[in-house]
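Student: Starting from the structure of chain A, add chain B where the hints point.
Taken in sequence, the protein lines are chains A and B. Letter 45 of the first sequence, counting from 1, is numbered 45 in the working numbering, and no numbers are missing. To convert, take the position in the second sequence, counting from 1, and add 1000; that gives the working numbering.
No lab work stands behind these hints, which were simulated from the structure alone. Please note that a few of the clues may not be correct.
Dumping the calculated DSS-like pairs for lysine-lysine here, alpha-carbon to alpha-carbon at most 30 Å [stated by the list, open to error]:
#1 K58/A <-> K1010/B
#2 K1049/B <-> K1010/B
#3 K1012/B <-> K1049/B
#4 K1012/B <-> K58/A
#5 K1019/B <-> K1049/B
#6 K58/A <-> K1019/B
Bear in mind the structure is a predicted one, so any value in this text is a computation, not a measurement.
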Amino acid sequence: MVLDSEGLWAIARNDSEDARAVLASSREAGVPVLVPAVVLAETLFGDNRDARANQALKKLQVVPVSESVARVAAELKRLADMSGVAGTVDALVVAISAAAGGGVVLTADADDIGKLAGAVSDVRIRPVRV
Amino acid sequence: MLAQAGAQEKEKVSLTLDKPLVDEIRAQFGGRALSTSINELLYAALAQKHLGELVDEMEREAGTPSPEAYDRVLAQWFAED
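So that you can see chain A by itself, here it is in the shape it has in the complex (with noise of 0.2 Å):
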């Protein structure tokens, strides 16, 4: 399971139960929750209001952006036909989760994820939204 901005900040102010119960899922399917790095930069701000993010980020799993994701997220953005900076953070998302195999993204864009996702060939992927 992967989460973009908003799937952070959901789980970071504990105010939606449908991202608690995404959460409580995974924990009984042994699914692991992943960060991309990259959505720290698009989310926090980098001071006092990052706290109950950085609470939360202590216990899930931050990974990197490779070079090897970066392409295979280009490659999506093209596909889907999306561009800007927040098409290309949500393209590095479905590319991490394709990296992992596949699975669920956490996100209030359920529209822009599911596109993203639907790019992917080899493995499926599916918004959840919160």
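Tutor: This is chain B only, laid out in the frame that chain A set:
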């Protein structure tokens, strides 16, 4: 948060493990150094332990999710094309 394996400082330790466990790890990760395989498995196990702690903390603060929340989430998780 656990640091990723790879460039971390290493410590040599001596462990005694069940032979069937070692045999299975060798079979599953054939061709790789046993230390590398066990290192990765331990990272994964600790990550799941931390995830469990996070879920427990969140549920203590805001309650356990309702069956309806699980239904909503799992319907999306296993949605067909």
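Student: Hints first: check each against the structure and report whether it holds.
Tutor: Do the hints match the structure? See the list:
1. The suggested pairing of K58/A with K1010/B holds, with an alpha-carbon distance near 22 Å, which does not exceed 30 Å.
2. Of the supplied pair hints, the one linking K1049/B and K1010/B holds, its CA atoms being roughly 22 Å apart against a limit of 30 Å.
3. The suggested pairing of K1012/B with K1049/B holds, with an alpha-carbon distance near 24 Å, which does not exceed 30 Å.
4. The hinted pair formed by K1012/B and K58/A meets the criterion: a straight-line CA distance of about 26 Å does not exceed 30 Å.
5. The straight-line distance between the Cα atoms of K1019/B and K1049/B is roughly 25 Å, inside the 30 Å bound, and the hint therefore holds.
6. Distance check on the hinted pair: K58/A and K1019/B sit about 34 Å apart at the alpha-carbon level, beyond 30 Å; violated.
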